[in-house]
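Residue numbers for the sequence shown, in the numbering used here: 752 to 1521.
No lab work stands behind these hints: they were computed from the structure. Among these hints, one or two may not hold up.
[What the hints assert, rightly or not] Distance ranges between label pairs, derived from CB positions:
no., residue 1, residue 2, range
1, Gly1270, Gln1358, 21 to 27 Å
2, Arg1272, Asp1130, 35 to 41 Å
3, Leu1089, Ser1127, 32 to 38 Å
Even for Gly, the Cβ is constructed at its ideal location relative to N, Cα and C.
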Amino acid sequence: MNLIKKNEIPVDVYIPFVETLFRDGLTLSIGFFAQTLLVVLVYWKTMDPAYLAVTLGLLAVAFLRLRNIRKYRHAPSPQNWEEARRRENDYILYGSMHGFMLGAFCFVGIYLAYDPFAEIAAVCVTLASATSIAGRNYGSPRMVVIFIMTMTWPISLGFILRGDPYHFILGLLSAPFLFAIKRFADLVREVLFAALSEEKKANRIAQRFNRALNTMSHGLVMLGPDGRVAVANAEAAHLMSLKSPDALLGRSIHGLLMRGVAGGMLAPKDCRYIEAQLTRALREGRDRKVLVSLANGQHYEFSAREGSQELGVITFEDVTARVEAEDKIRFMARYDNLTGLPNRAYFHELVGEAMVSGDRDRLCGLAVLDLDDFKSVNDTLGHPIGDGLIYAVAERLAAIARQDITVSRFGGDEFMIFFDRVEDESHLTSQLDEIFAGLQGEVDVAGHGLRIQASGGAVLSRVKDTDVDAMIVKADLALYKAKELGKNSWRLFEASMDAAFRNRQLMKADLRTAVESKGLRVVYQPIVAMSTMRIASCEALCRWDHPDLGPISPSIFIPLAEEMGIISEISTFVLQAACAECAKWPDQTSVSVNLSAKDFRNRDVIQKVRDALAASGLAASRLEIEVTETALLDDKSLTRQYIEELKQIGVRIALDDFGTGYSSLSYLHKLPLDKIKIDRSFLMDVTQNPRSLELLKGIVNLSRPLGLSVTVEGVETFEQLKILALQVKPDLVQGFLFGSALSASGIETMSNTVWPFAKDINTAKRAARR
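Just need the whole structure built from these sequences, with the hints factored in.
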C-alpha cells in the first residue's frame, strides 16, 4: 500500500501519523548521546581529524533536530493537510542530516580513515540506529527511505571501494537489508492505518446507528434477558410522553403499557391483551403485530420479534394516518367517488349476499335508470356541470335507500336500484312510479337550470329462479325498450323483449349461410405512396349485403363471426379473392389482407396462404399479411414461428393498429416485420396537438432504423396529409381522403392515377425547403 500521495490517505489519519514523528524526544536524545560518545571514543583511539569533524557535525545535528522535536511536540495539532505536510518536511530535513552524519561516520571508518575498531563501531552504531527506523519513522515513508539510503549506502560504498571480492559482496548485501527495513516500516504503517481506519469506521457506524435509532419514525425498545428495556430511541420516549430515552431504561413491558392506562389512553383489558401478545411473540421468536385504538382516536401498531443475543425488539408507531387512509381506500373501492353511492362491484356484492339469504321463494326487483340525453349536457355545458347533474340525481335516489332498497351508481349516468322482498308486480310498479315522480323537476347546477329526465327498465323475479347478472341483462333490455318508446319513462321486462336475442341469433344464421354460399364481397381501400401520390397497395375489406336488412356494418358482423368461430372462413375467402384480383392489377400494386387471431392459432394459416398464391399466380412479394396485436398476445412463440414461415414464402408482414396495445414496441425487434400501420387514433388531433405530432414523428423515426416501412391510417383531411408530408414523412398513407373503398376494377383503373392534391403537397414541400 503506497500512502505517500496526498489523496491516498485521509487527512484525519495523516495528521496523527505526522504527530507520531515528534512524540519521543527522550530516546532520540539517548541515541544522540551514545552515537556521539562512540565517535569521540574512535577519535580518542585514532586521533584522526576526520572523526573529530564527524563528532562536531553530529553534535550540531543533534542540537538542531532535538530543538525541532521540542518545537512541535507541545504545539497544537495541525488543522489541515498543508500544515501537517510542513511539519513532516521539517522533520525530514533534520532527520536527513542525522542520517547523513551516521553514514559519513561509516564511510570514514570503513574506507577513508580505516581502522578496525572504527569500522566495527561505525557499523554497530549505524545498524543499531537502523533498527529504530521503522518504529520511529513509520509516519513518514519518505523519512524511512532517506534514512535507509543515508545510513546503509555509505557502508555499502565503503565495502565496495575496499576492492577485494569479499568486501565487494558484503557491500552488495546491504540491498536486502534496505528492503527489509523498508518493508517492515510499510507494514507497521499499514497495520496502524488499518487500525485507525477501523476505529473511525466503528465510530461512524455507532454515530449513524445512534442517528438512525433516534430519527426513525417508529418507537423502538430492546428488552434484555430480564425483560426490561435495555435500549430505547427518542421516538419511543416521545410516544410515551417521556423527556428522554433514558427514562425508559429498566422498565418492563407491563410498566410501559401501564403508563397508557394511567393516562386514560388505554383500557386495562387492552393493556392485558397487548402484553400477552407481545410476550408471546418474544417467547416464540415470531413476528406479531397488534393494532390498538386509543381513546383519543389515535391508532398505534405494536410489533414484537426476538432479536440477537437474547434481546427482544418491540417497535410501535402512530398509524392513525395509515388507518384513516386504509378506511378511505376501502370506501373508495366500494363507493362512487362523486355520489357516495355503492359502486358497481359493491352493489353486485351486496345484492348477491341479499339474494342468497332469507326465503328463496320471495320476489325481488331490480331497476336500471339512465339519464336521457346526458351526453348533450356534457358536450354543451361541460363535464363539471354533468357531474353536478349526476350528483343531484344521486341525492334524490339516496333518499329512498333503506334496508330492503339498495341504490348504486353503476357508472356514467346509469343507476341501479335493488328491491328486496317485493310483494307483487303492483308493489314494484308503485315504488318505481314514486321514484320517477320524485326525480321530476329542475335542479340548479352552477347557475344552470337543468331538467332531470330519465329512462328506466325493471325486472321482477323470484330469487330462486335468477341471479344478479341475469336480472341486470333483463333490466337493460327493458331500458332499451323504454328509450325506443320515447324516453322519460320506464318499462318492466317482458318475455317479448327477448326478441332482440332471437334477432341476433337469426343474424348469426344468415351470416353463416352467407359465408358458406360465398355471399360476401371484397372491396379495396387504396394505400397511397407519399413519394408519388399513386396507389402503391390496397387493403382488402369484407362487406356483407343482407338480403333483407341491406348492408351490414363490419363492426356488427365481424364480432358475430368471431363469436361463432367462423372468422377464419371469412379470412380465407378474403385472402383468395384478394390474391386473384391483385394478380390482374399492374405489377407495382400489391394487396394487404387482415388475418384474425384465430387464424394464427392453427398451422393451416401457412397452407391457406400457399394455396391462395398458387391458385391466383400472384407473386408472394405482392401479398402483405396484416397481423393484429391480439394475435400476437395469444401465443407469441407460435405466432412468431408462423410469421417466420410466411416470410420464407416471400410474403410481407405488417403489424396492424400499431400503438393501440400495451406492448407494441416489443414486437418491433422480436418479430420479422416489414411494416407497421399506425392506428388512426394517433392522427385525430395531429393538426391541433403538438404532442400528437411529436409522437407520430417519434414512431416513424423509431421504425426507420429497424428497416420498417410505415403506413399512417385514418387520413381524412388535406391538412392532415400536409402535416404528414412535411413533418412526419411516412412511406404510405391510407384514409377516406383518398375516397371510400373501391371494387377490384376500380383499383385497376386508378392504379396509375396521381391524386389531384399531389401538386399542392409538392408546392408545400418546396416552400418548406426554402
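We went through each hint and held it up to the structure:
1. Between Gly1270 and Gln1358 the CB atoms are about 25 Å apart, so this pair conforms to the stated range of 21 to 27 Å.
2. Between Arg1272 and Asp1130 the beta carbon distance is about 37 Å. The supplied range of 35 to 41 Å therefore holds.
3. Checked against the given bound of 32 to 38 Å, the beta carbons of Leu1089 and Ser1127, roughly 19 Å apart, lie outside it.
Checked against the numbered hints above, the structure breaks only hint 3 and satisfies the rest.
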